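Listed below, chain by chain, are the residues.
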Amino acid sequence: MSSITKILFVKNPLIKRYSYSVLRPSQFWIYLTIYIAVVALLLFINYSSYKTKTGADKNEEFYNNVYYQLIVLQVITLWIWAAINSKSALTTELSDKTYDFFRLLPLSAMQKTTGILLGRNLLPILFAAINVILTLVFGFLGKRSISLQLQVILLLISSSLFINTLALLSSSTTVKKRGKTSIIVWILFLFFAGPLLLRFIFLPTHQPFGKNNEVEIYPVKFYNIEIPILLFITLVCLYMSLWNILGILRKFTFETEPIFSRKGAFLYLLGYEFIVIGLFMPHLSDKTIYPFWLVSLIPVVFTPVGSIKSYDHYLECCGLRGGHSDTGKSMTSILFLNSNLTLAVGLFFVWVIFSVLMAMIGKADPSRYIFNIVIIFSFYFFLLLLLELYVVYNPIYNKIAILLVFLTILYLFLPLLLYFTLDIPSLCFYSPIGFFAQIIEPFEGKYFVNYTSILIVNAILCVIPACLISKRYFYILALRRKM
Amino acid sequence: MKILEVNSIRREFGTLVAVNDVSLSLEKGQVMGLIGPNGAGKTTLLRILCTLLRPTSGTAQLFGYDLTTQYLDIRKHIGFLPDFFNLYSDLTLKECLEFFALAYNVQPELISKRVDEAIEYIELQDKRDSLIRHLSRGMVQRMGVGILLVHDPDLFLLDEPASGLDPKARIQLRNVLKKLSNEGKTIIISSHILTELSGFCSHIAIMNKGRIELAGAVDEIQQKIMGSKTVDISVLSDCEKAVALISQFPDARITTIKDNTITIEITKGLEELAELNTYLIKEGIKVVTISEQKTSLEDLFMKISSSEQ
Numbered sequence: 023m024s025s026i027t028k029i030l031f032v033k034n035p036l037i038k039r040y041s042y043s044v045l046r047p048s049q050f051w052i053y054l055t056i057y058i059a060v061v062a063l064l065l066f067i068n069y070s071s072y073k074t075k076t077g078a079d080k081n082e083e084f085y086n087n088v089y090y091q092l093i094v095l096q097v098i099t100l101w102i103w104a105a106i107n108s109k110s111a112l113t114t115e116l117s118d119k120t121y122d123f124f125r126l127l128p129l130s131a132m133q134k135t136t137g138i139l140l141g142r143n144l145l146p147i148l149f150a151a152i153n154v155i156l157t158l159v160f161g162f163l164g165k166r167s168i169s170l171q172l173q174v175i176l177l178l179i180s181s182s183l184f185i186n187t188l189a190l191l192s193s194s195t196t197v198k199k200r201g202k203t204s205i206i207v208w209i210l211f212l213f214f215a216g217p218l219l220l221r222f223i224f225l226p227t228h229q230p231f232g233k234n235n236e237v238e239i240y241p242v243k244f245y246n247i248e249i250p251i252l253l254f255i256t257l258v259c260l261y262m263s264l265w266n267i268l269g270i271l272r273k274f275t276f277e278t279e280p281i282f283s284r285k286g287a288f289l290y291l292l293g294y295e296f297i298v299i300g301l302f303m304p305h306l307s308d309k310t311i312y313p314f315w316l317v318s319l320i321p322v323v324f325t326p327v328g329s330i331k332s333y334d335h336y337l338e339c340c341g342l343r344g345g346h347s348d349t350g351k352s353m354t355s356i357l358f359l360n361s362n363l364t365l366a367v368g369l370f371f372v373w374v375i376f377s378v379l380m381a382m383i384g385k386a387d388p389s390r391y392i393f394n395i396v397i398i399f400s401f402y403f404f405l406l407l408l409l410e411l412y413v414v415y416n417p418i419y420n421k422i423a424i425l426l427v428f429l430t431i432l433y434l435f436l437p438l439l440l441y442f443t444l445d446i447p448s449l450c451f452y453s454p455i456g457f458f459a460q461i462i463e464p465f466e467g468k469y470f471v472n473y474t475s476i477l478i479v480n481a482i483l484c485v486i487p488a489c490l491i492s493k494r495y496f497y498i499l500a501l502r503r504k505m
Numbered sequence: 109m110k111i112l113e114v115n116s117i118r119r120e121f122g123t124l125v126a127v128n129d130v131s132l133s134l135e136k137g138q139v140m141g142l143i144g145p146n147g148a149g150k151t152t153l154l155r156i157l158c159t160l161l162r163p164t165s166g167t168a169q170l171f172g173y174d175l176t177t178q179y180l181d182i183r184k185h186i187g188f189l190p191d192f193f194n195l196y197s198d199l200t201l202k203e204c205l206e207f208f209a210l211a212y213n214v215q216p217e218l219i220s221k222r223v224d225e226a227i228e229y230i231e232l233q234d235k236r237d238s239l240i241r242h243l244s245r246g247m248v249q250r251m252g253v254g255i256l257l258v259h260d261p262d263l264f265l266l267d268e269p270a271s272g273l274d275p276k277a278r279i280q281l282r283n284v285l286k287k288l289s290n291e292g293k294t295i296i297i298s299s300h301i302l303t304e305l306s307g308f309c310s311h312i313a314i315m316n317k318g319r320i321e322l323a324g325a326v327d328e329i330q331q332k333i334m335g336s337k338t339v340d341i342s343v344l345s346d347c348e349k350a351v352a353l354i355s356q357f358p359d360a361r362i363t364t365i366k367d368n369t370i371t372i373e374i375t376k377g378l379e380e381l382a383e384l385n386t387y388l389i390k391e392g393i394k395v396v397t398i399s400e401q402k403t404s405l406e407d408l409f410m411k412i413s414s415s416e417q
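As they're listed, the protein sequences go chains A and B.
Under my numbering, the first residue of the first sequence carries the number 23, and numbering increases by one thereafter.
Under my numbering, the first residue of the second sequence carries the number 109, and numbering increases by one thereafter.
One chain only, chain B, in its complex shape:
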């Protein structure tokens, strides 16, 4: 089910074109990492998608609603966490969550349950009746996720959610986001710190100078950009023989040999990898493990950046 469909969105601020001809689509359950350097237009794009900014031109539909004319309907379905935010410091956590539940039209009989669940989810049970002004920055950031959870949006739009957090708070927030991703929530998360996104993004869109340079599933982009998979083959013994056998295999290229682990680059798909495995075993090599090295988002981003230059 398509949740988001963006066609040639453009946003200008005077002479600055912050978002230029961006087209994008997102299916339910996908987690898209919006990556790019500072000033790439990520925040502007997210602010357009969450209806805070009107595009100068172009069209977009979220949940079938038009972005510019039916923005009130769209707001009921989305949860946006801005890059720099705070919450109502004069309210307690419970009151704040209740307010957002009411504002987002959660049924009155469900409000109490939702509030309890959200507080538990962000692990702030002991702060339930504390005023928000007494929370640390990391707690406020988690509370930000809490106010989104309380109305259970169909799409989470998170703009640099971990910016300004210390490492511990960053890990705690990352765990919360991973939990959301594992539960099948649809998320667009922007960051220029790629480690934040590693591990739970199914899709990425790379932005630069207001344009989306590349977008799609992480695996597809990885295959497209890197052109080959990096695979570690660990053998029990006969490492030299294994190296010789692998060298005869046409689609594989040995890059490093360390102890009994041979790292290769294989240009074809999984079938060829399975064939190589069978071949080695047939030749009497005791293969302990074959594992694919996942390319990090950093590698991918650097590769794209360097190919652009």
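So here's chain A without its partners, still in its complex pose:
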């Protein structure tokens, strides 16, 4: 047994556990037969069409077609089959009632993570490894350059790591819950990585890739560095995977805690801003400032959901730390510091720093962008209050989420609907969507945007949720004192 095999199988018993099951001959041969049949079918279909073709480059075309199709097969194996396995690992433990044993295994969170990702995916990894060899062979025969092939392999590995860690993270957040935090994981995925990965899927049909291997050097300007696009996507995937893994480790260590700690939420935001600024910086002008704002605001909206503290957390933290008189903090200030609102406002403040800096570098009009920030904050704060309403009222009204989602949809779309039906364009600015559309691409014609009225409307809207939340906060404090 080689030392690597020893480390994988002996040092990580979970891999051994899964190997018993997935490599059992009675089921292994079924997967093997399917895999061989798929590859054989793929070759057969391509060979059939090759035979009917004429021309000097028909060999090259045959090899290239097989090459692309093998990549698609690889994508199906690693992005779909493996991701389903990763996603179902913990839910299977739960449904099989083995989850307590799993949690109690004296293995580190990292061992559990690698154990699931590698062990549960032994078959996809095995077939993907065979596929890599076939892909390389057909790539060489189709005259793909080594550099391109290496970049594609690296991208496949990093993107697969990203998708599988994301799948595991989403299942670790749904354990013993109703799947609500899992949704946010997939929303984050759609916003952050979806476009990158989709771009990769469509790359093979992209002209430069098909003809002159240009994609291997097709550059992305990141700050002042030019990075080949495939390599850049690989690096972003690795960065995102790192956060996924940190989230999984956190969930395996503190199961009831949110994905992000408070510090983690800020670090995540900073890392994200670093990437987005890097991408926008080379093209910065007063026209790209607001698209930058929009993209950089995404984590400010979603990270608070990933680090959301529950009503129970509030009760617990007030009791725990309130009990220690040496901290010198009152229970009220502890609740305030631990509130989801405080974190979200803090994240917004960080975003303000970056957006103002970028606006200054891009030489945008200060009076305009400062007002815009204030308006955006008023939209953001109202949405935050709705989120906090959910947190503090969910224990009493377990269907409150439905009402709040309805209100959110109303808030986002009603002004737009009114604009279309009543044909009063200024109404659409009362929706965050309409407002952003306006600042990114100012409407033609002279529509008067009354910033003050937007602020007043948002302030009025905030009053009732703020009162309701304060009432619950006082209730928590009173309850805690009684307990």
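Since the hints were derived computationally from the structure, they do not count as laboratory data.
Hints may be right or wrong, so weigh each one.
Simulated crosslink set (DSS-like; lysine-lysine; CA at most 25 Å straight-line) [stated by the list, open to error]:
no.: 1; chain 1: B; residue 1: K287; chain 2: A; residue 2: K33
no.: 2; chain 1: B; residue 1: K287; chain 2: B; residue 2: K184
no.: 3; chain 1: B; residue 1: K235; chain 2: A; residue 2: K38
no.: 4; chain 1: A; residue 1: K119; chain 2: B; residue 2: K202
Here are the in silico distance ranges between beta carbons for each label pair [said to hold, decoys possible]:
no.: 5; chain 1: B; residue 1: N213; chain 2: A; residue 2: I52; range: 21 to 29 Å
no.: 6; chain 1: B; residue 1: N115; chain 2: A; residue 2: T364; range: 32 to 40 Å
no.: 7; chain 1: A; residue 1: L425; chain 2: B; residue 2: I279; range: 51 to 59 Å
no.: 8; chain 1: B; residue 1: F121; chain 2: A; residue 2: V427; range: 25 to 33 Å
no.: 9; chain 1: B; residue 1: H242; chain 2: A; residue 2: T364; range: 49 to 57 Å
In this text the structure is predicted, and so the values were computed from the model without any measurement.
Ideal placement from N, C-alpha and C gives every residue a C-beta, glycine not left out.
Got chain A sorted already, so can you dock chain B onto it with the hints?
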């Protein structure tokens, strides 16, 4: 040697205080029965002790390790059997035991031996290569003990181990647990079915509404709660004379007389009982047996419950 030391543990779930200010300690070799009605907090306490739940406040040390910070070290020393569990249905018994042996860092050369011993202990030799999904509920429950045995934990934490079992499977499991207790293993076993615990618990802790109402050695608690021992004295003949003699003895009170057996309650210790025996023999009574009636856990629990009310 102290294995467990719990100080003022508290666990809250929102407004519910499931475990409230619990303090407990356990020495090596003791078998503690955690008894109490449903919802008393037994499962929560066990889940805290096995590191599945973090206490809201309070401290605890197991084997000298802190419960909240050194939980990975603690997990190597404990074996926890939850109330509702299953095992990896896609594995055979042998594979499952091997996996747990590996996970608990049993030396590779010992694994095969440990697996064989565990299978023998739970008497499932003929199912060794069967998939777990093909086992009956009772067998899975015994297999649960098997996976604990394979890594030979220093402390067994068993939460309602016989729940959902038929009488036969219950007896088989009870035999396995008795075997463990006779071998000097340290065990905490929770149950609300007291007959499950009778006979092999050296200590009990009675829980109610998240608190431990009473804890200690069974004999001590029995003495403390019942206040007297119930003793059966069988005589060969002269039953009336024996009754008259016993009536003169200050610390004894006759409760029933049936055939030639007189049941008495004696408030003092064994020395007084020996004195009574000598006295009866001196007076010419032919004493056949003197035996103490062991108070069942049910009696004890009922007595405590009624005194609380």
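Unsatisfied constraints (hint numbers, rising):
1, 5
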